[in-house]
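Visitor: Spelled out, the chains give:
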Amino acid sequence: MTDTSWQRLDALDHKIVSKLALDARISNRAIAAELGVTEGTIRTRIKRLQNEGLIQFTVVTDFRMAGSPNLCMLGIDADPSRVTEVAARLKMMPEINCVVLLLGRFNLLAMGLFTNIEQLNELVVEQIRSMPGIQRVETSISVHNLKYEAGVAKITRIAAID
Amino acid sequence: MHETFAFDETDRKIVEQLRQNGRATNQQIAESLKLIASTVSTRIRRMEEAGVLRVVAVSDFAVHDYHVLIHLAVEVSGRPALEVAEELADFREVFAAHLVTGRYEISLLLALRDMEELSPLITEKLSQVSGVRSMTPAIGLDIVKYGLDTAPIDRKRLV
Chain R
1 MTDTSWQRLD ALDHKIVSKL ALDARISNRA IAAELGVTEG TIRTRIKRLQ NEGLIQFTVV
61 TDFRMAGSPN LCMLGIDADP SRVTEVAARL KMMPEINCVV LLLGRFNLLA MGLFTNIEQL
121 NELVVEQIRS MPGIQRVETS ISVHNLKYEA GVAKITRIAA ID
Chain D
1 MHETFAFDET DRKIVEQLRQ NGRATNQQIA ESLKLIASTV STRIRRMEEA GVLRVVAVSD
61 FAVHDYHVLI HLAVEVSGRP ALEVAEELAD FREVFAAHLV TGRYEISLLL ALRDMEELSP
121 LITEKLSQVS GVRSMTPAIG LDIVKYGLDT APIDRKRLV
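Chains R and D, in that order, are what the protein sequence lines are.
Throughout the first sequence, residue numbering follows the numbering used here, covering 1 to 162 in sequence.
Throughout the second sequence, residue numbering follows the numbering used here, covering 1 to 159 in sequence.
The hints are simulated quantities; they were obtained by calculation from the structure and are not laboratory data.
The beta-carbon is built from N, C-alpha and C at its ideal position, and this holds for glycine as well.
Hints should not be assumed to be uniformly reliable.
As the list claims (entries may be wrong) - Cross-link-like lysine-lysine pairs, in silico, DSSO-like; alpha carbons within 30 Å at most:
1. R/47 to R/19
2. D/13 to R/91
3. D/34 to D/13
4. D/145 to R/19
5. D/145 to D/125
6. D/13 to R/19
7. R/15 to D/145
8. D/34 to R/147
9. R/15 to R/47
10. R/91 to D/145
11. R/47 to D/34
12. R/47 to D/145
13. R/47 to R/91
14. D/13 to R/47
15. R/147 to R/19
16. D/125 to D/13
17. R/15 to R/147
18. R/147 to D/145
19. R/91 to R/147
Said to hold, decoys possible - Okay, the calculated bits of chain R under chain D, using three or more residues with CB under 8 Å as the criterion:
20. 34-44
21. 99-112
22. 121-134
Claimed, not checked - Among chain R residues calculated to face chain D with C-beta under 10 Å, some are:
23. 12
24. 79
25. 144
Model the full structure from these sequences, guided by the hints.
Guide: Structure representation (structure tokens):
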């Protein structure tokens with residue numbers, strides 16, 4: 001599911017990642033001082049983590065600014081031979097944040113944040129159900145998020161190079 | 001509690017730059033937007049203090065040694081679903097937990113280091129939670145896309 005670069009992460013890498021996870025704008029100098037290493041070490045480590053697509057620096061916006069959306073989950077069944085093709089099309093949709101290929105109850109799980117049911121319905125009915133190979137789309141809407149993780153993601157190589 | 005924050009055009013442009021590279025220096029952002037660096041730093045601080053956004057490092061699943069992802073649809077009976085969900089969400093292996101509408105009450109995503117973690121997690125932990133009537137799993141074969149750029153922001157974490 002993932003490549004092997006993770007094996008080369010040591011304790012210092014993990015400490016650097018946890019500092020940056022709280023505030024990506026902290027200076028190399030401040031991280032270096034806190035962890036008792038040189039600024040150059042921090043710079044090199046961060047560069048490597050970025051180049052290997054392990055971390056990415058971005059903005060997380062508060063729910064309120066996005067109109068307090070609900071996380072919507074789509075359990076999708078598709079013709080087995082077309083599942084990867086469907087996944088690739090879902091991946092291209094800006095409204096869909098997560099796409100996971102599954103073996104089990106559904107072939108695919110897709111998730112997105114929606115502020116209204118019409119918007120969700122439009123996406124499901126007009127764009128997803130009409131894709132070739134789709135058999136069934138079951139929607140569930142999160143009414144309460146107990147654990148929600150925005151700090152962990154699948155980082156794609158293309159995004160890492162930017 | 002529901003303070004309104006008015007973004008102006010300059011704020012929006014700064015956020016756009018930060019989305020591309022959250023670690024761009026104030027000077028770099030200032031140069032590309034024809035502003036001065038102190039304006040950029042003041043604006044970013046103001047947005048962060050208002051709790052409307054955070055500039056963070058997002059890390060890959062691999063950084064956390066998560067190599068197995070499982071979706072679990074949980075049906076509940078005899079106990080309020082929220083209570084059951086709260087108890088399930090406390091386990092370290094539970095990566096995401098949501099109370100949902102539909103055929104089952106709770107949606108869980110488990111993030112594991114390897115398949116060997118699954119058996120003790122299911123038999124000794126999750127199935128022991130009172131109110132869990134059934135658990136229907138699906139194995140994650142490939143994470144094609146995963147990234148939530150909107151989240152409830154805890155302002156206390158900024159201090």
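Visitor: Evaluate each hint against the coordinates.
Guide: Structure-based check of each hint:
Taking the CA atoms of residue 47 of chain R and residue 19 of chain R, the gap is about 15 Å. The hint holds against a cut of 30 Å. A hinted pair counts as satisfied when its Cα atoms are at most 30 Å apart, and residue 13 of chain D with residue 91 of chain R qualifies at roughly 26 Å. Restraint check for residue 34 of chain D and residue 13 of chain D: satisfied, since their Cα atoms lie roughly 11 Å apart, inside the 30 Å limit. For the proposed pair residue 145 of chain D and residue 19 of chain R, the alpha carbon gap of about 25 Å is at most 30 Å, so the pair holds.
Straight-line distance between C-alpha atoms of residue 145 of chain D and residue 125 of chain D comes to about 29 Å, which keeps the hinted pair within the 30 Å bound. Of the pairs offered as hints, the one joining residue 13 of chain D and residue 19 of chain R holds, with about 26 Å between alpha carbons and a cut-off of 30 Å not exceeded. With a C-alpha separation of about 26 Å, the suggested pairing of residue 15 of chain R with residue 145 of chain D holds against the 30 Å cut-off. Taken as a hint, the residue 34 of chain D and residue 147 of chain R pair is broken in the structure, with Cα atoms around 41 Å apart against an allowance of 30 Å.
Of the supplied pair hints, the one linking residue 15 of chain R and residue 47 of chain R holds, its CA atoms being roughly 15 Å apart against a limit of 30 Å. Restraint check for residue 91 of chain R and residue 145 of chain D: the C-alpha separation of about 6 Å stays at or below 30 Å, so the hint holds. Under the criterion of a C-alpha separation no larger than 30 Å, the hint pairing residue 47 of chain R with residue 34 of chain D is consistent with the structure, at around 27 Å. For the suggested pair residue 47 of chain R and residue 145 of chain D, the alpha carbons sit about 23 Å apart, so the restraint of at most 30 Å is met.
Straight-line distance between C-alpha atoms of residue 47 of chain R and residue 91 of chain R comes to about 27 Å, which keeps the hinted pair within the 30 Å bound. Our distance criterion of 30 Å between C-alpha atoms is met by residue 13 of chain D and residue 47 of chain R, whose separation comes to about 25 Å. Proposed proximity of residue 147 of chain R and residue 19 of chain R is supported: the alpha carbons are some 21 Å apart, at most 30 Å. Distance check on the hinted pair: residue 125 of chain D and residue 13 of chain D sit about 48 Å apart at the alpha-carbon level, beyond 30 Å; violated.
Straight-line distance between C-alpha atoms of residue 15 of chain R and residue 147 of chain R comes to about 23 Å, which keeps the hinted pair within the 30 Å bound. Distance hint between residue 147 of chain R and residue 145 of chain D is fulfilled; the C-alpha atoms sit about 19 Å from each other, no more than 30 Å. Under the criterion of a C-alpha separation no larger than 30 Å, the hint pairing residue 91 of chain R with residue 147 of chain R is consistent with the structure, at around 23 Å. Here the stretch 34-44 of chain R counts 0 residues with a CB under 8 Å from a CB of chain D, which misses the bar of 3, and the coverage is violated.
Taking a C-beta to C-beta cut-off of 8 Å, the stretch 99-112 of chain R contributes 9 residues in contact with chain D, enough for the three needed, and the coverage statement holds. Coverage of the stretch 121-134 of chain R by chain D is violated [criterion: at least 3 residues with CB-CB distance below 8 Å; count 0]. With a cut of 10 Å, the hint placing residue 12 of chain R at the interface with chain D is violated, because the nearest CB-to-CB distance is about 13 Å. A least Cβ separation of about 16 Å between residue 79 of chain R and chain D goes past the 10 Å threshold, and the interface hint is therefore violated.
For residue 144 of chain R, the shortest C-beta to C-beta distance to chain D is roughly 4 Å, which falls under 10 Å, so the interface hint holds.
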